[in-house]
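S.K.: Here's the letter readout for the chains.
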Amino acid sequence: MTVSAAILMVALFALTQSPVGSAQSKMSGIMPASQSTQVTAPHLTAQLVDEESAIYAPDVINAGLYFTLEPGWHVYWTNAGDSGEPPTIQWTLPKGITADAMQFPAPKRLPLGPLMDFGYEDDVLFPIALHADGSLNPGTVAHLTAKVNWLVCREVCLPGKAILQMNLPVVAAKPAGNGSVITLYQKFESQIPAPLPASDTATFQQSPQGFALDISTGAKQSGAQFFPLDETVIANAAPQPSTPTATGVELTLKKDENLQAKPQALNGVIELADGSAYVIHATPGAVAASHPTGSAGGQNGLGKAALFAFLGGIILNLMPCVFPVLFIKGLALVQSSQQERRQLRAHGWVYTLGILVSFWAVVAVLLALRAAGHQLGWGFQFQSPIFLAVMAMLLFFLGLALAGQFEIGLSLTSAGGSLAQKHGYAGSFFTGVLAMVVATPCTAPLMGAAIGYALAHSALVSFAVFTALGFGLAAPYLLLSYNPAWTRLLPKPGAWMEILKQAVAVPIFGTVIWLVWVFAQIAGTNAMMGLLAAFLLLAIAGWVLGRWPGKTSAASVAILVLIIAIVVPVWAVRAFGSVGQPQANVAAATGDAVWQPYSPDLIAKERAAGHAVFVDFTASWCLSCQVNERIILDSVDVKQHFRDTGLTLVRADWTNQDADITKALAALGRSGVPTYAIYPADPNADPQVLPEVLTKGIVIDALNSLPKPQRQSAALPRPISQ
Amino acid sequence: MRPLSVATIFCAMLALAVTVSAAKVGDPAPDFTGTDSNGQTHHLSDYRGKYVVLEWTNYNCPFTRKHYDSGNMQALQKEWTAKGVVWLTVLSSAKGADGYKTADQENAWIRQIHAAPTAAILDPSGAIGHEYEAKTTPDMYIIDPQGKLIYSGAIDDHRTTDPADVKQSKNYVSAALDEAMAGQPIAVAVTRSYGCSVKYEGAD
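Line order of the protein sequences matches chains P and L.
Residues in the first sequence are numbered consecutively from 1, following this note's numbering.
Residues in the second sequence are numbered consecutively from 723, following this note's numbering.
Calculated directly from the structure, the hints in this document are not laboratory data.
All residues carry an ideal CB built from backbone N, CA and C; glycine is no exception.
Just so you know, nobody snuck in bad clues.
Cross-link-like lysine-lysine pairs, in silico, DSSO-like; alpha carbons within 30 Å at most:
#1 L:K817 / P:K108
#2 L:K892 / P:K255
#3 P:K220 / P:K187
#4 L:K823 / P:K161
#5 P:K108 / P:K187
To be clear about the criterion: a stretch of chain P counts as covered by chain L if any three or more of its residues have a C-beta under 8 Å from a C-beta of chain L, and this derived list gives those stretches:
#6 75-85
#7 112-126
#8 155-167
Model the full assembly from the supplied sequences, consistent with the hints where possible.
M.R.: Below, the structure written as structure tokens:
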């Protein structure tokens with residue numbers, strides 16, 4: 001028997017049983033039908049309720065609009081969210097009675113795929129205060145009529161309307177209260193967000209992505225949720241990572257895509273972890289920069305990156321592409337006389353400037369490419385087997401050059417040599433530019449890391465990192481221009497430079513091996529044959545270049561072979577490539593831990609069943625993902641903790657393009673892998689995102705901080721009609 | 723730049739580009755590829771030089787029905803396609819979800835309700851919906867002849883399901899097209915759309 005049918009039955013029973021007037025209903029909570037009609041509509045019932053069954057004027061009557069809903073169906077909050085409309089009520093009241101506006105208890109988040117609505121499930125009472133003045137005469141009956149409109153939705157939406165009536169006799173003495181209605185009323189009235197106490201503060205600070213909202217209540221709060229009252233200010237569906245502060249909590253809110261203006265205030269309801277809810281009008285202010293777990297960046301990050309870049313720049317000087325230039329210039333410094341020293345120091349700075357300008361030009365190009373890439377909607381390159389093949393071939397070719405099959409870097413050195421020979425500041429400037437240009441073949445790992453880091457961050461960070469790199473590259477020469485005597489400390493250029501260069505080829509070939517492995521995962525072993533055949537062609541081209549260095553005809557032949565080499569794997573991918581699911585090894589069970597493959601419903605299902613879910617977003621081409629998995633997630637300690645906490649383990653494999661996983665990542669505020677998220681058992685709690693570089697401690701702490709899973713049944717409110 | 727650096731650049735760029743930003747008014751509208759109910763393929767880029775209106779729809783939704791039962795949507799489609807606007811109705815309901823229609827069903831439906839879009843794009847995978855972050859049915863987007871998104875949001879200002887409200891509502895789409903065609907700036911370029919949620923694949 002459905003809920004609505006049961007209510008109807010009970011209402012009919014009440015109708016036949018209770019006398020007109022103020023008798024207390026023996027049924028748990030249903031108003032005697034003579035006093036207020038209850039309307040049954042598709043998927044819900046609607047009723048006007050009143051704490052007291054009569055009016056003792058003058059009086060404030062605690063009345064309300066009460067909905068009971070079928071499971072899964074919901075009605076909406078005053079700001080419904082991404083879709084939906086709140087219920088509305090229009091009163092027709094007798095003289096002497098006025099009604100205040102309908103009040104909305106604090107809502108729940110109702111996710112629907114990529115959208116987020118705010119509303120209520122199961123049952124909800126919207127308290128409405130009615131004011132009866134003294135003009136009402138005892139002995140009369142006040143007829144109150146309300147025209148109610150609503151939208152009730154689950155997967156579909158049904159608009160509904162009803163005319164609800166409530167007849168309240170006016171009596172001469174204070175009437176008895178209706179116990180069950182009082183309980184119901186108090187329950188929902190207590191959920192109405194209160195104004196924020198004067199002793200508490202709410203401030204927000206705008207950031208490029210949105211807002212940092214700081215709530216200070218005097219006591220540390222473990223979490224909070226923000227429900228906006230203004231539309232199109234924040235992105236409703238975005239998660240709101242919260243960080244407890246000493247006096248309250250700080251939330252990170254993502255702004256709505258189309259928000260143009262800077263809002264003067266953030267108006268909304270904040271629900272704290274302890275269940276209390278407040279209406280806030282947050283004002284702009286400075287918010288302490290605290291970062292939720294998992295977000296990259298911050299002062300520390302930039303400092304470390306700049307330091308790395310600086311050290312990298314210094315090491316670049318040892319590369320055979322740079323070192324000879326440095327050495328020769330150093331010798332020139334030693335041989336210069338005292339008067340020229342000051343000039344030489346100036347030259348040193350010009351040299352530095354040359355390097356920096358070149359680096360800045362590179363950054364500018366890269367940022368332009370990045371912006372263009374955004375416009376073009378680039379994405380998922382590592383999931384494209386052709387891109388992988390091209391990368392692998394380029395690196396293989398470079399590796400051959402570094403290993404000594406043929407030369408690239410040194411010829412550049414000689415080409416630019418004449419420019420660098422110029423006297424005066426121009427010469428120093430171009431030496432700097434030259435140093436930067438020729439350094440690049442030799443710098444691959446370090447420079448690449450700096451570029452990667454910088455591009456993932458803002459333009460400011462990019463420039464900072466590259467400036468540090470440039471200073472690192474320039475530092476030794478600058479140092480020598482101040483202390484030319486130290487040139488003696490430099491080792492003489494010699495065979496060691498060549499060995500160093502060849503040694504650099506080793507990690508490059510290692511990267512090639514890794515790329516070939518990923519390529520085979522995605523495109524299959526037949527396509528891999530094509531790629532390896534291309535490598536052979538590259539080696540032939542390299543031999544041609546090495547056998548006849550400097551000859552244009554040889555270079556042309558080499559280019560021809562290169563073109564064939566590029567075509568081969570592309571054809572192989574087209575012919576043999578399988579763009580299917582990757583090998584099972586990514587989703588395989590490792591030891592005792594069984595990782596289930598990701599599906600959008602799985603997480604919701606597990607949370608509904610009271611299990612927390614640990615999701616490992618990974619991909620076979622992501623090296624740090626593999627490292628984290630093998631070393632941390634598969635370690636004995638962590639597996640033990642997984643078993644103890646009874647988490648459901650889900651692996652989201654992003655090796656091939658997967659729209660669901662991309663959506664899930666975006667919902668977490670992340671754009672790539674690795675990403676590790678723990679979805680608590682409570683469906684209303686936000687997921688916790690772990691940092692990209694895992695340690696056992698981080699994972700175990702996060703697991704320990706999970707609340708114990710609640711029993712599902714206790715969380716649901718009981719409709720009073722049962 | 724040298725290859726591994728290039729590789730790392732691409733690596734970093736893809737990480738950035740993964741957060742493909744959705745359609746934002748004032749930015750170039752995301753290009754899309756869609757198949758209509760007659761099997762034809764449409765790219766947004768095909769319509770450079772014309773105004774394009776994207777109308778997300780779900781004929782079961784009471785808010786959508788408000789505009790179709792009253793004839794409002796059909797009238798808008800006729801009026802604006804006659805003025806050279808490309809009007810594309812988009813159905814992003816997942817297969818089996820509320821509002822899903824096969825090509826035949828959609829063609830029959832268009833005939834039945836006398837709708838007049840340029841084409842009805844079937845998007846059951848929700849790809850186009852996600853590109854534009856379409857939230858409700860109806861949800862309206864207007865793209866100018868240069869490919870820029872100039873309006874996103876509700877069809878009009880009465881967020882109700884009552885067909886009687888159509889007459890007194892201010893229609894944001896017509897207003898925006900009038901202003902854009904007259905070369906004026908669009909007064910209301912962004913509103914919050916109203917309607918039932920788009921029934922994307924994987925949403926429940």
